[in-house]
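Engineer: The listed protein sequences correspond, in order, to chains E, V and H. Quick note: the first sequence, position 25, residue 25 per our numbering, numbers continuous. Quick note: the second sequence, position 3, residue 3 per our numbering, numbers continuous. Quick note: the third sequence, position 189, residue 189 per our numbering, numbers continuous.
It should be emphasised that the hints constitute simulated quantities derived from the structure, not laboratory data. Remember, predicted model here, so these are calculated numbers, not experimental data. The C-beta atom is built at its ideal place from N, Cα and C for all residues, glycine as well. There could be a bad hint or two in this list.
Unchecked claim - Label pairs and their in silico Cβ distance ranges:
1) R235(E) - E189(V): 51 to 61 Å
2) E114(E) - S36(H): 35 to 45 Å
3) E114(V) - G112(H): 27 to 37 Å
4) K140(H) - G143(E): 50 to 60 Å
5) E104(E) - K292(V): 27 to 37 Å
6) T286(E) - E114(V): 24 to 34 Å
7) S221(H) - E108(V): 26 to 36 Å
8) E108(E) - E182(H): 33 to 43 Å
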Amino acid sequence: MKNLLSMEHLTNEEILHILDRAQAFEHGEQPQVARSYNVANLFFEPSTRTKTSFEMAERRVGCTVIPFDAGFSSALKGETMYDTVKTLEMIGMDVVVIRAKEDEYYNELLEGIECAVINAGDGAGQHPSQSLLDLYTIRKEFGTFENLNITIVGDITHSRVAKSNATALTRLGANVRFLCPEEWAGDFEAAHSWDEVLEDSDVIMLLRIQHERHAVSKNFSKDSYHDEFGLTPAREKQMKREAIIMHPAPVNRGVEIADELVECERSRIFQQVQNGVYARMAILETILKGRK
Amino acid sequence: MKNLLSMEHLTNEEILHILDRAQAFEHGEQPQVARSYNVANLFFEPSTRTKTSFEMAERRVGCTVIPFDAGFSSALKGETMYDTVKTLEMIGMDVVVIRAKEDEYYNELLEGIECAVINAGDGAGQHPSQSLLDLYTIRKEFGTFENLNITIVGDITHSRVAKSNATALTRLGANVRFLCPEEWAGDFEAAHSWDEVLEDSDVIMLLRIQHERHAVSKNFSKDSYHDEFGLTPAREKQMKREAIIMHPAPVNRGVEIADELVECERSRIFQQVQNGVYARMAILETILKGRK
Amino acid sequence: MKNLLSMEHLTNEEILHILDRAQAFEHGEQPQVARSYNVANLFFEPSTRTKTSFEMAERRVGCTVIPFDAGFSSALKGETMYDTVKTLEMIGMDVVVIRAKEDEYYNELLEGIECAVINAGDGAGQHPSQSLLDLYTIRKEFGTFENLNITIVGDITHSRVAKSNATALTRLGANVRFLCPEEWAGDFEAAHSWDEVLEDSDVIMLLRIQHERHAVSKNFSKDSYHDEFGLTPAREKQMKREAIIMHPAPVNRGVEIADELVECERSRIFQQVQNGVYARMAILETILKGRK
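All chains, full assembly: derive it from the sequences and hints.
Structural biologist: This is how it looks when you write it as structure tokens:
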């Protein structure tokens with residue numbers, strides 16, 4: 001595995017290898033890398049948890065992290081992504097982790113770049129490291145993906161997480177369903193009421209309402225979204241006994257999920273954050289072991 | 001000591017312990033910590049010296065510092081302080097150092113958060129690490145706080161430094177007085193002329209005029225403030241033989257203090273910066289020794 | 001060598017010593033420094049490659065790099081450059097690397113500052129580390145500077161690179177010429193057509209068109225600049241057999257140089273980036289060896 005760009009590029013075997021390594025790290029095993037590699041994190045969009053999670057994972061696999069301030073870079077002077085990454089490669093980076101606004105920005109990095117590229121989110125495209133941590137969280141809970149009912153709730157068409165997860169979970173044997181207001185379904189087949197999906201879901205995966213992208217919607221205030229599509233205490237009580245709640249965070253408390261459910265017993269929201277470090281260590285180890 | 005949030009939470013014994021450890025570090029002793037701990041610095045307001053001082057102190061006690069760009073974080077997406085800090089804890093932080101605009105922002109971190117919180121300034125509230133370095137500077141000079149006349153000059157009601165210091169110095173036996181224009185005194189009893197305080201002060205502690213918060217004042221230009229309340233060369237000559245000048249910096253040269261006095265013999269302004277690293281090492285060591 | 005502020009302050013011997021050390025590092029030699037020194041990078045203007053290159057070089061000579069966010073610093077509160085640097089010195093920095101908008105900002109740092117200062121670009125003044133990496137690139141290619149025809153193309157009067165390089169290359173025996181539109185020549189004697197300089201140049205050193213500073217010019221669009229002063233494939237074919245192309249980057253592809261020439265055989269543009277790390281390691285080693 002040279003790069004990690006999209007879940008669609010990974011075989012089931014590669015996915016399961018990464019999950020196995022994440023599990024090994026959670027159980028205390030040390031990453032197996034030949035030397036200290038140089039990494040830079042290029043975040044052209046804000047993100048606390050993804051960037052910080054990578055920063056931690058990089059240190060735990062022994063990398064030297066070279067700071068890169070995207071808000072203050074030559075990209076402001078109109079430099080192409082290729083030239084920015086090629087420059088970092090010539091400075092000595094072995095890996096660059098990139099989040100950018102443009103869908104599939106990485107296509108211009110496929111030729112001529114030798115350092116490894118990890119996609120930390122491309123526009124409304126993919127977010128594979130988030131997907132891998134979600135998969136790790138689900139497998140840790142249920143031991144398998146086969147026949148699990150997994151319901152993804154929210155703005156599916158604009159969500160990197162929804163796409164990355166739907167692709168991978170389906171391939172791994174899960175039954176993925178969507179729940180969202182009609183106007184958000186796009187080309188996806190989706191339920192429009194909790195009644196259709198609440199009681200038989202093993203995993204309810206809530207998506208963040210992107211206030212940044214659109215103000216909930218023309219037809220919904222935050223409150224009415226919560227009433228119709230939010231996970232309320234009443235709905236939580238109707239969930240299957242072993243079912244879990246996931247959310248990629250940051251959470252809009254009181255919108256996607258009731259404030260008091262964020263840390264309830266079924267919630268894996270903060271455990272997902274912890275799992276993210278193990279998943280990213282596994283991604284880094286896998287990529288670094290492939291380098292000469 | 002789990003957290004350091006306000007000088008009001010510290011006993012005199014805890015204060016004196018921190019000062020003793022700061023002194024030990026200045027004399028070359030190595031910090032006693034069990035392992036390398038993970039720290040993040042969350043500065044939601046600009047600050048060169050406090051942030052850089054913590055960054056240095058953290059490295060000197062062997063911490064791994066994980067960068068956190070507050071100007072580019074999920075706080076922009078409306079995430080609560082609790083969720084931001086809980087996320088960092090789940091990523092693996094042992095300590096977070098926070099500066100924020102809101103008074104007592106830390107109240108929402110008192111329950112449910114296991115990583116240690118060090119308050120690096122809350123709105124117009126407290127700034128305990130600055131206070132501890134000021135106390136260290138004074139004790140280094142005089143060996144005691146008992147019966148010292150300490151005059152704090154400037155915008156007392158809006159100053160974190162004034163509040164943190166007045167609390168602690170009084171408890172430790174010093175005689176704290178204030179000097180400021182009448183309109184700035186608020187509920188404090190304050191002198192309004194240098195004549196009342198200049199000649200018997202052991203310490204003159206100048207506060208920064210917060211141009212950011214108010215343009216000196218309705219009644220004062222920079223020049224007229226300097227004339228009436230600034231420390232001028234003529235006033236410096238009237239100070240007691242052993243008296244010292246302090247300022248938390250950054251200094252407005254020619255406003256709070258005449259340009260040529262900033263590095264005069266009595267000035268401890270840059271020594272305060274140096275002492276700040278020792279004081280913060282002592283804070284970190286004290287907190288880290290309390291963790292399992 | 002205490003500081004590195006301007007190429008004009010370096011003797012030929014000092015320059016050649018730095019180039020020799022850069023070469024040694026490229027061949028795998030380890031830097032010879034007594035201990036881990038503390039460094040901060042103060043970049044008051046955006047720059048990917050210079051800052052990142054210094055960050056890498058600093059780590060390779062074993063420095064501890066203390067992050068400094070210039071966009072978020074006390075300079076915003078009106079602090080003088082002297083006070084900012086003195087503060088960093090008191091916090092424990094051995095070296096500060098500074099890029100700033102003001103020409104010769106470093107003049108206020110010549111007295112009273114004990115930490116070393118490396119100028120990473122001052123306004124329209126000097127950019128000595130870029131100059132040293134350019135010199136290293138040229139010497140690596142030709143083994144000497146004597147009698148080389150070096151043509152610098154672009155906005156000479158506003159270019160730090162042009163000034164730093166012209167000074168040094170001339171002293172080292174090269175024949176430096178300029179090519180630019182008439183209106184940009186200022187006091188420099190310059191050619192205004194490729195015909196005068198193309199065929200006998202050993203080095204063509206393109207300068208970046210500073211969109212940030214002026215919109216190409218009153219008389220030129222990007223396209224017409226490219227037609228008249230850009231390096232086109234047709235012109236590249238007329239260059240001497242061994243001649244090379246240089247550019248400090250970031251490149252405006254299709255303006256200073258045709259897109260397809262950026263990585264052509266003669267181009268040293270990305271090698272310059274790589275050489276920059278060696279040159280900066282050599283600068284740091286030279287300065288650190290001079291410290292007690």
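Engineer: Evaluate the given range 33 to 43 Å for the C-beta pair formed by E108(E) and E182(H).
Structural biologist: holds, 37 Å
Engineer: Quick check: does the Cβ-Cβ distance between K140(H) and G143(E) fall within 50 to 60 Å?
Structural biologist: At 59 Å between Cβs, range holds.
Engineer: Quick one: are E114(V) and G112(H) within 27 to 37 Å, going by C-beta?
Structural biologist: At 46 Å between Cβs, range violated.
Engineer: Has the hinted range 27 to 37 Å been met by the Cβ atoms of E104(E) and K292(V)?
Structural biologist: Because 46 Å falls outside the window, the suggested range is violated.
Engineer: Does the hinted range 35 to 45 Å hold for E114(E) and S36(H) at CB?
Structural biologist: Once the Cβ atoms are compared, 30 Å apart, the range 35 to 45 Å for S36(H) and E114(E) is violated.
Engineer: Per the hint of 51 to 61 Å, is the separation of the Cβ atoms of R235(E) and E189(V) within bounds?
Structural biologist: Taking Cβ atoms as reference, R235(E) and E189(V) lie about 58 Å apart, which means the hint holds.
Engineer: S221(H) and E108(V), beta-carbon distance inside 26 to 36 Å?
Structural biologist: violated, 56 Å
Engineer: Just tell me: holds or violated, for the beta carbon distance of T286(E) and E114(V) against 24 to 34 Å?
Structural biologist: With Cβ atoms ~31 Å apart, the hint holds.
The structure fails to meet hints 2, 3, 5, 7 from the earlier list, while all remaining hints are met.
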